[in-house]
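2 protein chains.
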Amino acid sequence: MRLVQKYGGSSVGTIDQIKSIAENLVNQKNQGKELVVVVSAMGKTTNSLLAKAGSITSNPNKRELDRLLSVGEQETIALLTMALNALGVDAISLTGYQAGIETTGIHTKSKIKKIDSEKLENYLSEGKIVIVAGFQGINEAGDITTLGRGGSDTSAVALAASLGCRCEIYTDVEGIYGVDPRVYPEAGKIKDISYEEMMEMSNLGAGIMEVRAVELGKKYGVPIYVGKTLSDKGGTNIVEKNLDMEEKVITGLGITDDIILVTLKSLKNTPENISKIFEALGDAGVNIDMISQTLVENGGLNLSFSCLDTELNLLHEALSTIERELGPIEIEEHIHFTKISLVGIGMMSHSGVAGRVFKIFAREGIRFYQVTTSEISISYAIDPKDRERTVFALAKEFNL
Amino acid sequence: MRLVQKYGGSSVGTIDQIKSIAENLVNQKNQGKELVVVVSAMGKTTNSLLAKAGSITSNPNKRELDRLLSVGEQETIALLTMALNALGVDAISLTGYQAGIETTGIHTKSKIKKIDSEKLENYLSEGKIVIVAGFQGINEAGDITTLGRGGSDTSAVALAASLGCRCEIYTDVEGIYGVDPRVYPEAGKIKDISYEEMMEMSNLGAGIMEVRAVELGKKYGVPIYVGKTLSDKGGTNIVEKNLDMEEKVITGLGITDDIILVTLKSLKNTPENISKIFEALGDAGVNIDMISQTLVENGGLNLSFSCLDTELNLLHEALSTIERELGPIEIEEHIHFTKISLVGIGMMSHSGVAGRVFKIFAREGIRFYQVTTSEISISYAIDPKDRERTVFALAKEFNL
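Chains as they are written, first to last, in the working numbering: chain Z, 8 to 407; chain F, 8 to 407.
By construction, these hints were calculated from the structure, which means they are not laboratory data.
Misleading hints may appear alongside valid ones.
One copy or two, it doesn't matter: identical chains are merged, so the pair holds either way.
Said to hold, decoys possible - BS3-like cross-link-like pairs, simulated, lysine-lysine; straight-line CA separation at most 30 Å:
| id | residue 1 | residue 2 |
| --- | --- | --- |
| 1 | Lys69 | Lys126 |
| 2 | Lys116 | Lys272 |
| 3 | Lys126 | Lys40 |
| 4 | Lys36 | Lys255 |
| 5 | Lys126 | Lys59 |
| 6 | Lys59 | Lys135 |
| 7 | Lys248 | Lys198 |
No experiment lies behind these values; they were computed from the predicted model shown.
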C-alpha cells in the first residue's frame, strides 16, 4: 500500500523523537507499505529563524525570508533520512524542488502549481522510503518559496494527490474533536468528517489542519487521516460525505475567541454607501466575517460585521476613512467577543437547528449579539462571560 | 573594481556582526566596487549540525550529511541579504547551485568542476551586491555537496577565478605571520607571500587558509588578500613570486604539534619490503610525512616517517600487518613530538640554510630526530620540550 505521511514540528522536535519515528517507519515498511514522508522543521525552529530575521529588520525581503525559513525542513529531512539509513533501511531525502513541487505566486505565501512526481515514483519503485521537505517548493524563477501557515499539510496532501494515494497527518492531538476538549472535557472524537465540515471547522479555529490542505484533498478526492504521532488510538478520517454522516445533524462546534463585533447604525441605505464601506475595510486590510444588516425604522440600515482583535488598528483606520467620506456615523463596538459556530452537513437536510439553539439560549438566559449562517454552519457572537455556559449547553444538546 | 570577498564563520557569528558587515559593504559599493560576497555558516553552526548528526549515528550517510551541513550557509546568505536590503541596497542571495558552482567527487569532500558565472555576471551588471553561500555546490546528480574543510575559501577563490578578479579573505586574524604569534610574540606580519610559500605554510599548520584554495589561486593567477574583518590594518597578499621575495631567504616558520615519529630498524633493503610497508600504511589510512631512510652497517635499512598523534590506532594496526608479513621488526616510536619547518622561495637560490640551522641547533644544544627537505622548505622533528627554544632561536636568526 502506498501512503503519504506528514509529521509536524512537535513530532520531530528532538533527535529522540526523530529516531522513534524512523523506527516506526521501518516497521511500516516491513509490513509492505510504500512510504513518502513529509516533515516540518524541528519544534520551534521556524519561530527562531523568524526572530533572527526580525532582529535585522521589521520588513525582511520576502525572497530572502523564504530562503531562511526553508532551512528548517532541510535539516529535518537530512536527520530523519540519516536515522533510517542507520537502521539499515534504504531512504533518500528530497527538498521541495527535488520532489518536483513547483509553486507560483508571491514569496512566503506561494501556492502549489504542479507536482512532477517522476523522481518520486522512481525512488519508490527502487524500494526507498522517500523523505520530503514540507512547506517549500520552487517557483518559475528557480527560487525557493514557502507555502505559508500550515504549508506542510498542503505539501503532504498535494503529494498524495499526485501519487494517487491516502494521506496521513500525524500531530500531537489524537484526532478532531466535536468541541475543543480544553473547553469541554467530555467532547467526543469525530471518527469520520466530510471535507466540507472539516473546512468549516478549520476556518472556525479548530487549528489542527490548514483549510487549504483540506480543500485540496476534496478537489482531488484524497482520503485524509488525522491522528496522534506513534499512537495506536484511532484518529479522524476526512472523506466524501456519506449518508451515515447526514444522520448526525451537528458534527462539531468551533470556538473563535477575541473577535470584535462592530455595528454601524442608521446608515443611508444605498448600494454606493455600502460598497464604499466594504471598500474602505478591504483597503485597510481588515478581514471581515459575520456580516449582517437590518433595516431600521427611519428607512436606514444597521450594518454589523466582525473581525479579529488583532485588527483593531486597521479597523479604526478604515472607520476614519468611512466617516471622512460619509460623515459622522454612530458606531457600536464590542471587543474581546467570542464566536461559537455549529457545523454539520446534516443541517442541509435537517431543518430546525436554529430553532433548537434559540430555545437553549432563551432557557439559559444567554444573549447573542449577531448570528450568521452558511449551508452547513450557523455562528453566534456572544459575550465571553457566557462562553463556557454556551459551549456546554450546545455540546450536550447536539451530543458532541 | 570587481571583487570577491569572503567572510568566515567568526566574522558572521552574530546578527550584530552581520549588520556591521552589511554597512561596510554598502560603503564599499558607494566607492564604486562591484561585489560578490561569499559567507560561511554563523559561528559554530556547522559544529552544532555535526553534533546533531553524531547523536543519530556515528556514521551518517554522506549525501544526507552534505544536505545538513549546507543549511548553515543558506541561513547566513539570507540574513546578510536582508540586512543589505534593509539598508536600501539592491542585493540578492544565491546558493552554491544558483551561483553556478558545479562539483564532482564524493559527498563531504567534493571538488569544484566548473563555475557557470552567467547568472552572477547578470546580477552584477544590474548593480546588485551578490551574496553567495560558500562551502557548497551541486553535483551531476543534482544533489547538494560540500567542499570539505576550508571549503568557503575555495568557493571564493574559484568565483574570483571565473569572474577574473581579486579575492579578499576576511577572517579574525590580521594576516599571515612569519611565526605563530601565540608562540613567538615578536613575529612580524608578512606583506607579500608567493602561492608556493603559502601552500607550504598551509600544509605546515599555519591554519589560516586552506591549501586547496591557494593552489587554485596559483593555477588561475588570482591575487588573494588575507586580512582582518572590518580592519584598516594591512593584511597579507598572496601573489606570484617576484625578485623582492627571493631576497629574503626564509619567509615563515611553521609549527606542527602532536606528531608521532616512527623508525623501523634494520629492515632487509629490498624494494618489495619497502613497498609492502607503505602499502600497509596506506591501506590503514595513515597519512605519512617526513619520510627518510638511512643505510645501516649490516647492509640493512632504517626507515623513519611521521604521522599525527590522532592516527596512533591506525598506525599500530598497520605495524601489526607489516610484522605479520615481514616478521618481527625493532620499532622506535616517539609520540607528542613537534615538527618545525622553515619555508621560503629564497632557499631555491640561496644555499646554506641547513648549515645555519645546524649551527644554531649545536650552539643551543637542541637535538633533532629527523630532517626532511623540499625545494622551498626544510623541516625538523624535535622533542616538544625544545619547542619554544627552537622557535625563538630560528625566528631571530632568520628575522621572521
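Results of checking the hints against the structure:
{"no.": "1", "hint": "Lys69 with Lys126", "verdict": "both (29 Å within a copy, 20 Å between copies)"}
{"no.": "2", "hint": "Lys116 with Lys272", "verdict": "neither (37 Å within a copy, 72 Å between copies)"}
{"no.": "3", "hint": "Lys126 with Lys40", "verdict": "within (18 Å within a copy, 43 Å between copies)"}
{"no.": "4", "hint": "Lys36 with Lys255", "verdict": "neither (37 Å within a copy, 68 Å between copies)"}
{"no.": "5", "hint": "Lys126 with Lys59", "verdict": "between (34 Å within a copy, 28 Å between copies)"}
{"no.": "6", "hint": "Lys59 with Lys135", "verdict": "between (36 Å within a copy, 23 Å between copies)"}
{"no.": "7", "hint": "Lys248 with Lys198", "verdict": "within (13 Å within a copy, 78 Å between copies)"}
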